[in-house]
Structures are given as structure tokens and as C-alpha cells.
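Please model the complete structure; the sequences and the hints are all you need to start from.
For reference, the chains in residue letters:
Protein chains: 2
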Amino acid sequence: MLNFSFQNTTEIHFGEGQIKQISKQIPKTAKVLVTYGGGSIKSNGVYDQVSEALSDHTWFEFSGIEPNPSYDTLMKSLDIIKEQDIDFLLAVGGGSVVDGTKFIAAAALFEGDDPWDFVTKGQPINQAIPMACVLTLPATGSESNTGGVVSRDGNKLPFFSPLVRPLFAVLDPAVTLSLSERQVGNGVVDAFVHTIEQYLTYSVNGKVQDRFAEGLLHTLIEEGPKALAAETKSDLEVRANIMWAATMALNGLIGAGVPQDWATHMIGHELTAGHGIDHARTLSIVLPAVMKTCREAKKEKLLQYAERIWNITDGDDSAKIDRAIELTEEFFTTMKVPTRLSHVDLGEADIDLLIEKLTQHGMVKLGEHGAVTPDVSREILIAAL
Amino acid sequence: MLNFSFQNTTEIHFGEGQIKQISKQIPKTAKVLVTYGGGSIKSNGVYDQVSEALSDHTWFEFSGIEPNPSYDTLMKSLDIIKEQDIDFLLAVGGGSVVDGTKFIAAAALFEGDDPWDFVTKGQPINQAIPMACVLTLPATGSESNTGGVVSRDGNKLPFFSPLVRPLFAVLDPAVTLSLSERQVGNGVVDAFVHTIEQYLTYSVNGKVQDRFAEGLLHTLIEEGPKALAAETKSDLEVRANIMWAATMALNGLIGAGVPQDWATHMIGHELTAGHGIDHARTLSIVLPAVMKTCREAKKEKLLQYAERIWNITDGDDSAKIDRAIELTEEFFTTMKVPTRLSHVDLGEADIDLLIEKLTQHGMVKLGEHGAVTPDVSREILIAAL
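Protein sequence lines correspond, in order, to chains D and B. Under my numbering, think of the first position of the first sequence as 1, with each following residue one higher. Under my numbering, think of the first position of the second sequence as 1001, with each following residue one higher.
Please note that a few of the clues may not be correct.
Partial list, computed: chain D residues near chain B (C-beta under 10 Å) [as the list claims (entries may be wrong)]:
| # | residue |
| --- | --- |
| 1 | F6 |
| 2 | G15 |
| 3 | G215 |
| 4 | E237 |
| 5 | A245 |
What follows is a list of derived Cβ distance ranges for each label pair [claimed, not checked]:
| # | chain 1 | residue 1 | chain 2 | residue 2 | range |
| --- | --- | --- | --- | --- | --- |
| 6 | D | K28 | B | F1160 | 45 to 55 Å |
| 7 | B | K1121 | D | G370 | 36 to 46 Å |
| 8 | B | K1028 | D | K28 | 29 to 39 Å |
| 9 | D | E237 | B | T1058 | 47 to 57 Å |
| 10 | D | E237 | B | A1371 | 18 to 28 Å |
| 11 | D | E300 | B | P1374 | 47 to 57 Å |
| 12 | B | L1236 | D | E300 | 14 to 24 Å |
| 13 | D | I80 | B | P1162 | 48 to 58 Å |
| 14 | B | K1028 | D | R378 | 45 to 55 Å |
| 15 | B | A1349 | D | E237 | 25 to 35 Å |
| 16 | B | L1236 | D | R323 | 54 to 64 Å |
| 17 | D | S55 | B | Q1260 | 44 to 54 Å |
| 18 | D | E181 | B | P1162 | 38 to 48 Å |
| 19 | B | K1121 | D | N205 | 40 to 50 Å |
Quick caveat, the hints were computed from the structure, so don't treat them as lab data. All C-beta atoms, glycine included, are put in the ideal place defined by N, C-alpha and C.
Below is the structure:
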């Protein structure tokens, strides 16, 4: 196991009916900005529950945060924050709304020229407006971690600060019952790949971390398809298990003390930025290709994954790994996401520009060994054709 | 899954050499009281490491906190705290030192007549001196949770407050290499039973919680015996895995959203209070008897435990459960702890008084269903003879 420091201060309020907790959790004296996306929270009852819970608070709203939230949209919120002296942000939505609100929290109090500089130039985030969230889509883990991803002019990039970690997160699985099949499939795949990025590297004999990661993978493989199947899609227990698994997949715990990869994510971000493909669908395309291309470096963990997750015991090592990759792709297909570039109408001709952007964004030594150079990323994209 | 709120704010610094972190983690202006036990930290180098790290701090020390820390000992610390205006406590030791320091933290600022009242009379803990710890014995989980256990006049009782949760905990597995075989065995068994208390109840379909608990059990079963075996007892990776598993076993996570039992612990406390038996050794005696006595109420989870932890697939349900209990006892025996009252020279004649004390302490509706009445506790103790 590697040395590590780990802390996660977010208070989780989990379960049906927990949205009412926000009335106690947000200081009564706060001036609150409720941030959300395209308005689905108005049709599924979440907006009403939040309004009800905030009936004794002073609050305003900022809507229109889109999937892969854009700098331009987010910056528009700064006017109302200034005008109304907002001192608490409540994100109500999925990972994009939470990520976008994290950006707003830091941007509103940023002392440099342009908040984009803490994303691209490593300028420090020294202060942020306190924020919390009501999660409506289990997927990104943003509800209890310190990271966010924002997009600007075809660039989709991450930023991090402990100051943007939500103070609390409400996770009510009942609000996820109204999600579309596409959102559910994307969410399960996103959480699955988050887990894999922190698990499928090289072994440092971190037994707790491995077992926990495997526990999340088993849960997502067992429950994900049930959330799409007609007879079980309304089962609240299924939704609860997916929601808790997605939070645990990226709250820092399973990655503490072990190597991490994230090549799949960084390559995937270019597919989203350049071609507008849903985040999770970039992961389901890239991950199998990463497994194939990096199979030697990941051999020991691929074999452990094959045996413990997919019960593969027959055949030689190579056959076991092949089968594990095949079953991973089959699982993605069950979740109705694509597994090839061709499934999203991309081909060999698109690879050059993707590699160019990846290089331009400094993503030239990816993976747990820093060995995924642009040339290796090209191999990965070719394997994903 | 049951509704829950979960938060764990303790910052963990894990790995060899991490004790030096305390110099940054404790405010330079603090007046620190370092608390410890019988002095083993002076022979194993931990005291020196702590002294070195605190060389720029103002600090004092209070030693002599015994296993099953006593009210009388702990109260003696209040003089130096008052005299020196102590405003930070650093516990250096195992679970008893951490528990005892939690009591001191709350007792020093307690506004009622007698701090014992927050243990026995439910009086609130409204303030506590900030505390942190350097853990030297992986076992109790006290390093990152809100509970402690103290003893007074033959009464061993728990107390809880978020105000006594350590701000940070240093976990350096290297310092555990000097532990005695008895301490190692006890620690592994303690962590194992903590996990079982939150797992072996009735199913609420909490898949993440079940998988995490099973991951901890697997880790302890795999690594525990290695920490006792001549050829692997100096393996730092083994010690690291045990240490992280013990913390995760009682930091609130695996118990969030699922029923909990704790009958084994409460009955075990009477064995310690009345007969001075090591905490873990009371658990290894009581747990198999709880499994036997409550096998109907716990049937579903016992079968899951049999299959997932011990790979038992043959035989009818009853045979599977018998075998799982047998293997649990064999594991305890491998860890060199007793599994019967007769192993610690207790017999049927001792049961009456144990039940009397249990009743006197209000432990009359134990277990996940509250169904473990004094009569059932008697059955359990008889099954443990």
C-alpha cells in the first residue's frame, strides 16, 4: 500500500424524503443561490421539495447549467451572486450541475484576472463560497469530492480544491426513478469506470481497497441492468444501491493508498469536447481499448479482475484477460452504451485531431505509470475503432 | 437499505514515517497534552518520534492510561489540563488510550457535577477539547469514530459524541511491528467482530455495505494469521492491511444504512468488567454463541456469510451455518484467542452475576431486533460454556 492522507468531510443524508434535511443544514441567515440545469427538477417534484425545505430561507435561483457545464454559462451566475450578496450555493441536479456550481463557488471569490486560470494555469483557489448539493443523478461522485470539470471553447478540463467539496449532500434514490434510460445507463457506466480507474493498475497489495473496489463493481454489475429492466426499474432498493455505489466510487476512499490511472477519462474528455459525446459513452468506448492496449502493464490486476469480478477460471492468462474484456464490453452493451468509435460515427480520420488536442492539453504522460504518451493514446483510439 | 446520515471528518495520515505529520497538523500556538499508557511507546521509538515532531510545540504529558481505561485514572489528568491551560489532546497508543483521551476531552470541559454522568445518565457533552491521535495498535476503530468506553467500579460502559472524534489520526503500520502476539491476535479479532456486528443481522439489501463488510472480513482472515506466522510477522504490507481494515471496520461507513447488533460487545463488556478478560477475548467467546443462539433470526445473513466468506456450498442450510460457525471458531483459534468460557476458567456458576450486571446496566433488549433479553443473554452464555 502507498502512503496516503485521506479525509472526506461531506455529510451524506441518504434515503427517501431526505431533501427536507436542507432546511436544518443551511444556516437560517444564509443568502442561498439554488443552481440547477434544464428544468427537469421542475417536472419530477425535486424543485418543489427544495422550495418547501427552504421556505424559511432567503434564496434565489440560477438555472441553465448544461451537461458538460460551460465557462460562459457559469460566469453568468456571478452577477446575481454579487447583487444579492449570496453566501451559500445549493446545487440541485446531477454531476454537471454540481461540477458547475463548484466552479461558480471558486470563481465568485477568485482574486485573479480570470477564473479560467485556476483551471488551466494552476492558479490557486484560496477561497470559495460554501456549497452543498441535492443529487438527482448517481454517476460522477462530485457530490462528496473536491473536483469538477468545466468546458470552454472545445476544451474540457478538470480542477480541484478542498474548498469546493460540498458541506453536505442529499442522496434520495426516489428522485432517480424519473431518469431516462440513457441517464441511468450513463450513470452506472460512469461509476463503474471511476472504480476501474482506481483499481485496474498495478498491485500494491492494498487488500481493503481492492475488495472495496470489487464490491462496487459487483454492485453495479448486479444492479445496473435491473435499473433498466421493465420489471425492476421502479425498485427503489436497486436505485439506492446504485446511488450509494456511485458516491463511494469517487469520494477518495478506494483510491487512497493505491495507484490511479485516469487515461480513459482524459482521452474520453477529448471525445466529449470535440464531438459532444456523453461523458459515460466516451468511457465505455475508451476503457476496453485501454484494457487491450495496456494489457501487459495491467496484467496482474486484469487477472484478478477476471477471476474475482467475472469468475473466469478457465484458460491461460491471455484467454482469461480476453474474456474479462469481452464481458466488460457485454456489460456496457447491456447498459445500452456504445463500445466502439464506429458506434458514434467516428473513424480513423478523427484520431489525429483528438491526439493533437490531448497533447495541447498536456495529457502526454497518462496512466498509472505515466507511460500513455500521445503515441499510446493513438494506439488506444485505434483499438477502439 | 435504511435511511441514514453519515459523516466522518477525521483526516487519516497513513503509512510509514507519517508521525512527523503531527507537527503541521497541530496548531503551533496550541498547548498540547500527550496522553499515553504504560510506556511501551518509550521502548518502540514512538515517543521519540512524537517528541521530535512536537519540538516546536509547547507540550506536556499524562501517562498511565490502562487497558479498559478507568474513570479514576482519567480524572487525574484534569489537574494538569487546568494548570497548564491545555487546549489540544494528542493520544498516543491503542484503543484504550484513544478512548480514555476522548473521555478526558469531554470531562475537562464538562459543566455538570460529575463527568461520569455523560456515561451513565445521558447528560449531554456540549464541548470537548480538540483531540487527535497516533495509533499504535489496530483494533478498536476509535481513531476515527465518535465513541469511547470507560470503566468504573466494575462497570464498563460506552459514551458517544461527535465532539470527541479525533481531528486527525496517524496510522503508521511500522509501529505495530513491536506488538506482542497477544495484542495482534486481539486486534484482528476485535476488528473482525466489529465488522460482524454491523453485517450479521438481517438483510436490508444494502449491497455496498455487505460487500465492504465482506471485504474487511476477507482481509482480516487472510492477513491476520500472517501477522502471527514467523515468516510473515515482519511484513509491513500485512500490518498495513490489518491496520486499514481495523479503521474501516468501525468508522461508521459499513454500518450506515444497515441494522446493527452489538449484543456480543455488550455481553463481552460484562466479562471484562467482572473478570478482567481482554476485550477481544470476550468477543471471541461470545460471538460464536450469539451465532448459535440467534441462528434463526440471522439465518439469511449467516448463509450469505457462509457462502461468501467461507465458500461453503455443500449441505443444507443448517449444515452450512454449522460449518460457518465452526470455521469462525477455527479462525479465532488460529489468532490464539479463546472461544469458550471454560478457556478462561469461567463456568455456569458465573452466569447469574453476569446477567445481573447486564440487567443493571440496562442491556435488556440487545441485538438488531432488540430481542436479546436477559434470558436470551443467558442462553448465549450457556452456549459459550
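For each hint, the structure was consulted:
1. F6: Holds, about 5 Å.
2. G15: 3 Å, holds
3. G215: 3 Å, holds
4. E237: 5 Å, holds
5. A245: 5 Å, holds
6. K28(D) / F1160(B): 45 to 55 Å: 27 Å, violated
7. K1121(B) / G370(D): 36 to 46 Å: For K1121(B) and G370(D) the Cβ distance comes to about 59 Å; the hint is violated.
8. K1028(B) / K28(D): 29 to 39 Å: 35 Å, holds
9. E237(D) / T1058(B): 47 to 57 Å: With a Cβ separation near 54 Å, E237(D) and T1058(B) satisfy 47 to 57 Å, so the hint holds.
10. E237(D) / A1371(B): 18 to 28 Å: 24 Å, holds
11. E300(D) / P1374(B): 47 to 57 Å: Between E300(D) and P1374(B), where Cβ atoms are some 53 Å apart, the hint holds.
12. L1236(B) / E300(D): 14 to 24 Å: 20 Å, holds
13. I80(D) / P1162(B): 48 to 58 Å: 35 Å, violated
14. K1028(B) / R378(D): 45 to 55 Å: 51 Å, holds
15. A1349(B) / E237(D): 25 to 35 Å: Violated, since A1349(B) and E237(D) (Cβ atoms, about 48 Å apart) do not stay within the stated range.
16. L1236(B) / R323(D): 54 to 64 Å: Given about 35 Å between the Cβ atoms, the range is violated.
17. S55(D) / Q1260(B): 44 to 54 Å: 35 Å, violated
18. E181(D) / P1162(B): 38 to 48 Å: 41 Å, holds
19. K1121(B) / N205(D): 40 to 50 Å: 47 Å, holds
Hints 6, 7, 13, 15, 16, 17, counting from the list given before, are not met by this structure.
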